[in-house]
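Produce the complete structure using the sequences and hints provided.
As a plain string of letters, each chain reads:
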Amino acid sequence: MKALKTLTIGAAMLCGTAISAQAEELHFIMCGGEAFQADLDVVKAFEAKHDGVTVNLEQVPWGTCQDKALTLAAAGNPASIAYMGSRTLRQLAANDLIVPAQINADTRDAYQPGILNTVTISGTEWGYPRAFSTKSMFINCDLAEQAGVACEAPKTWDDMYAMAKAINDNTDAAGVGLAGKDFDNTMHQFLNYLYSNGGTVIDTATGEAKLDSKETRETLEFYGKLVDVAQEGPTAWERSQLTELYNDSKIGMYINGPWGRGAHNESINEITVPVPHGPSGTNGTLLITDSIAVFKGTGHEDLAHELATMLTTGDSQYALDTEWGLTPIFDYEKLGRSDTYYKDDAYWMTFIDAIPAGGPEPLVEDFKSLQSVFTNMIQGIILKDDTVDNLVTIAGEELDEAL
Amino acid sequence: MMDRYTKLQLVGIYAAIAVFLTFLLLPFFEMFMASLRPLEHLFRSPYQFWSDDFSFQAYRDMWVTVPLLGRYIMNSIFISVSVTVLTMILVVPAAYAYARLKFPFKSISLGIFLGVNMFTGAVLLIPLYRVLGTMGLLNTYWAMIIPGVAFLIPTGIWLLRSYLEKIPVELEEAAYVDGASRMYTLRRVVLPLAVPGLIVVATAVFIGAYAQQFLFAITFNQTREYQPLPAGLFEFIGYQTVTWNQMMAAALTGVLPVMIIFLFLQKYLVAGLTAGAVKE
Amino acid sequence: MKPPRPSGPNRKLSQGAFAWLLIAPATLFILVIVAWPLAETFRLSFTNTRLGGGEYVGFENYIDLAESRKFHATIIRTFYWMFLSVSLKLVLGLIGATLLNAAIPGRALFRTLVMPPWVIPMAIGMIGWLWLYNGAFGVLSGAAQYVGIIDKAFEFLAYKKSAFYSAVVADVWVGTPMVTLFFLAAMQGVSRDLYEAAWVDGASRWYRFRRITIPQIMPVIISMSLLSAIFTFNSFEIIWILTEGGPRGATTTMIIDTYKVAIGNFKFGEGSARTVVIVFLLGIFSLIYLFFLNKINKRYGVK
Chain V
5 MKALKTLTIG AAMLCGTAIS AQAEELHFIM CGGEAFQADL DVVKAFEAKH DGVTVNLEQV
65 PWGTCQDKAL TLAAAGNPAS IAYMGSRTLR QLAANDLIVP AQINADTRDA YQPGILNTVT
125 ISGTEWGYPR AFSTKSMFIN CDLAEQAGVA CEAPKTWDDM YAMAKAINDN TDAAGVGLAG
185 KDFDNTMHQF LNYLYSNGGT VIDTATGEAK LDSKETRETL EFYGKLVDVA QEGPTAWERS
245 QLTELYNDSK IGMYINGPWG RGAHNESINE ITVPVPHGPS GTNGTLLITD SIAVFKGTGH
305 EDLAHELATM LTTGDSQYAL DTEWGLTPIF DYEKLGRSDT YYKDDAYWMT FIDAIPAGGP
365 EPLVEDFKSL QSVFTNMIQG IILKDDTVDN LVTIAGEELD EAL
Chain Y
13 MMDRYTKLQL VGIYAAIAVF LTFLLLPFFE MFMASLRPLE HLFRSPYQFW SDDFSFQAYR
73 DMWVTVPLLG RYIMNSIFIS VSVTVLTMIL VVPAAYAYAR LKFPFKSISL GIFLGVNMFT
133 GAVLLIPLYR VLGTMGLLNT YWAMIIPGVA FLIPTGIWLL RSYLEKIPVE LEEAAYVDGA
193 SRMYTLRRVV LPLAVPGLIV VATAVFIGAY AQQFLFAITF NQTREYQPLP AGLFEFIGYQ
253 TVTWNQMMAA ALTGVLPVMI IFLFLQKYLV AGLTAGAVKE
Chain H
1076 MKPPRPSGPN RKLSQGAFAW LLIAPATLFI LVIVAWPLAE TFRLSFTNTR LGGGEYVGFE
1136 NYIDLAESRK FHATIIRTFY WMFLSVSLKL VLGLIGATLL NAAIPGRALF RTLVMPPWVI
1196 PMAIGMIGWL WLYNGAFGVL SGAAQYVGII DKAFEFLAYK KSAFYSAVVA DVWVGTPMVT
1256 LFFLAAMQGV SRDLYEAAWV DGASRWYRFR RITIPQIMPV IISMSLLSAI FTFNSFEIIW
1316 ILTEGGPRGA TTTMIIDTYK VAIGNFKFGE GSARTVVIVF LLGIFSLIYL FFLNKINKRY
1376 GVK
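Chains V, Y and H supply the protein sequences, listed in that same order.
With the first letter of the first sequence counted as 1, position 382 gets the number 386 in this note's numbering; the numbers rise by one all the way through.
With the first letter of the second sequence counted as 1, position 92 gets the number 104 in this note's numbering; the numbers rise by one all the way through.
With the first letter of the third sequence counted as 1, position 146 gets the number 1221 in this note's numbering; the numbers rise by one all the way through.
Calculated from the structure, these hints are not laboratory results.
Quick caveat: nothing in here was measured; it's all calculated off a predicted structure.
Quick reminder that beta carbons are idealized off the backbone N, C-alpha and C, glycines included.
Each hint can be trusted.
Ranges of calculated distance between the beta carbons of each label pair, as one might list FRET restraints:
| id | chain 1 | residue 1 | chain 2 | residue 2 | range |
| --- | --- | --- | --- | --- | --- |
| 1 | Y | F68 | V | T391 | 47 to 55 Å |
| 2 | H | I1224 | V | L44 | 49 to 57 Å |
| 3 | V | G266 | H | F1367 | 54 to 62 Å |
| 4 | V | E405 | Y | G82 | 44 to 52 Å |
| 5 | V | E51 | H | V1244 | 52 to 60 Å |
| 6 | H | E1130 | V | S126 | 23 to 31 Å |
| 7 | H | G1223 | Y | N151 | 52 to 60 Å |
| 8 | V | L44 | Y | T235 | 17 to 25 Å |
| 9 | V | E51 | H | L1362 | 56 to 64 Å |
| 10 | Y | I273 | H | R1144 | 45 to 53 Å |
Calculated pairs, BS3-like style, for lysine-lysine (alpha carbon to alpha carbon, straight line, at most 25 Å):
| id | chain 1 | residue 1 | chain 2 | residue 2 |
| --- | --- | --- | --- | --- |
| 11 | Y | K118 | H | K1373 |
| 12 | Y | K118 | H | K1370 |
| 13 | V | K300 | V | K53 |
| 14 | V | K388 | V | K218 |
| 15 | V | K218 | V | K229 |
| 16 | V | K229 | H | K1236 |
| 17 | Y | K114 | H | K1370 |
Some residues of chain V that are not near chain Y, with every Cβ distance over 12 Å (derived):
| id | residue |
| --- | --- |
| 18 | K48 |
| 19 | A52 |
| 20 | E129 |
| 21 | E149 |
| 22 | T204 |
| 23 | G228 |
| 24 | D306 |
| 25 | Y336 |
| 26 | S342 |
| 27 | Y346 |
| 28 | M353 |
| 29 | S373 |
| 30 | E401 |
| 31 | D404 |
Structural data, given as structure tokens:
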């Protein structure tokens, strides 16, 4: 019986895959374990507004949610909308899997500067920005005092190096936490420094690779210097492990996002300062967003757009920013909110002030190749495999190839 | 008498076992320690064996952070058991055929079976998704059971075959002489003798199923209630932070049922049953 | 109750038919589930498919691989990885099985204690090893410093050579329980008569091990090694979680490379070509292996 059934199904299979169609059900893939209350509220409001339409809100754990959305899309059964890292938008767009976002003009003005850059390719916006983060430097004041240096913001790289060296020499701890593992935040950490030195990876206007430059060389050289005052074996460390090290008071400073405050040991006396700038730039930061992408081929793209817009504006977005402890994605005062969670809080100011000078995560089609280019270059200087000059030249070439 | 050891030999054996087990259990020690520590101070340098803020809090909290944890553990066991039963049913006859019988294309077909093992499930994910979708099996327990069985069959056949080969042919021939049919011989003569091999292969299949579930579960299954433990453990991973201590506590708790089952099973790995059976 | 059995030339035919009858269910199952995806992979390897589709490019993917020196290095690295890890597993497995076979009190407990590395989800086990290997927080570095072997923290995973061997150790850790228990089961199946006969004749324990145990369990040793070799060759999670293939490619085996290309970059065409190469190489390896298996079987007289 089973054999017969299998045979007929096998035959049907050979004739092409059939996707079962249902009465309008939107499939929303969201990352995380438990559904976010604000999301649930939006879903309910949406369903109430549209008779006969239901939303299947699927929570997929972090680390696998993006892959799931991609697998479904590649298998011909895409979700209606999904929460994706903005870095994937270019590839999705190039492969005709998503449709451009329809952000209306008022909303557009209210976004923090540079945010829309993270979802724009050649003038078209491809995602609805959903979560945003910038980075700053956290410094352990107790260690600084122990080392005999004033606990204040180092302005330039030389200041930073001096401070790190003092901590390294005079205390048990290492001066700075450096990430060099084969992991995505190795590139992120480096970009913070690069953008604080006026460097660019890809020219947003022309799309050319601009990695091979004087600014990059200076940054890489600085990285090489930092190895001497950093923790042992940076190539085995990535940022979340650095947090552990910081919590144990074993490094004096490192770069992290706004969630750092919550992740750090309460007993540590710390300050949050802008990323020090190099000889060729000003304090910058790395702008990373995650977006809601609307997939193509579901048959109800308009409804999907509406749901996405509802999720990413207004109360729902504000609730997410507050709860996740993120850098605010909108200038909420422009949207009419007065008592924002970041008002008059010096902590938040460090993360917000750097936004205008910040650079985006480069939007390329082949993200992993981009990451490899950086990892290779960074590990090269950490392991002292090659000279700064060679490494940057090679990285420039590899980036050209990857584009 | 043969099994009597001198005192020195006994000490040596216990010492060797201690070293062996230390190697195997060291990470577990580390994981257990991690499950006892508070999240803000998970790691200390240099290494510290004990500290004042150790507690079993994580073991309590984990049920709250991931409410369906108990269900996930049950699912894991259910799926693994189903896979094992189904696989063994398909594997035992096939392994016997490869061990004993001559037939055309024997070596080639065995090679092809083994070839299936050489592909990892990860690369076949998308076509497999389509196949399961067409069969209407997505989001059911079957979505995780069926691919698991398919990938474990070659391993099962390959391993069981070598155990069945070792059973003396004389016993089977003795049964033929008495007029028994092949099926009868297989059922009543061969299988009882193959029990140690069967147990071990079934265990291997069970554990293989337990290990593979993850990939199939996250891709082919959407229903949270059906998810097995490894997929559930991912729920301890947050947006930027991971509750390691609870995750480790959950992982260790999930391992316990399997260990207990094996503790009961291992006594079936008994010493050679064929002693004296073939004496003329 | 005792049907007359067929005799003469008829028997061979029905033996073959009977055999296929036994194998049919398993074959059918695999055919439906696995055959089509495998064929798809093979087909894709001749295309340049990315996420949204692609077109046929003939042997281009394969030619690229053949010309890439990096890929050659990856192949060599993978085989070295496999040989080293499998050898260690076999040796440790034999030692472990012998120890657990000994008639000493507590062996039930010991046998059960061997299981955990096998049972725990590999990802979790590897996280455990990550912590162990950590220079600042891990037991290994801490203990070594305490004892005085090294004077400051050692990051096992930070340097190319040490990362490779650390990954091998973790892989051996994962695979040893299975090998140990399989060898144990095989040893349990060896008839006591053989040992007793030798013991009566005055044979030492070592002699009994070498001349009775090993030959008797040889089929299992051979099967286990080939299976272990295949698993180890394709061992992915272990390396991925520890190093993701780094630093600077020191732990990148073929499967890591394939994953990065196929799943990481969504270059399904090129990823499929790599998969086919893996299967091809493993296939040749297995053929050579089975050839030797046949020879050894004949020599040890297993029917």
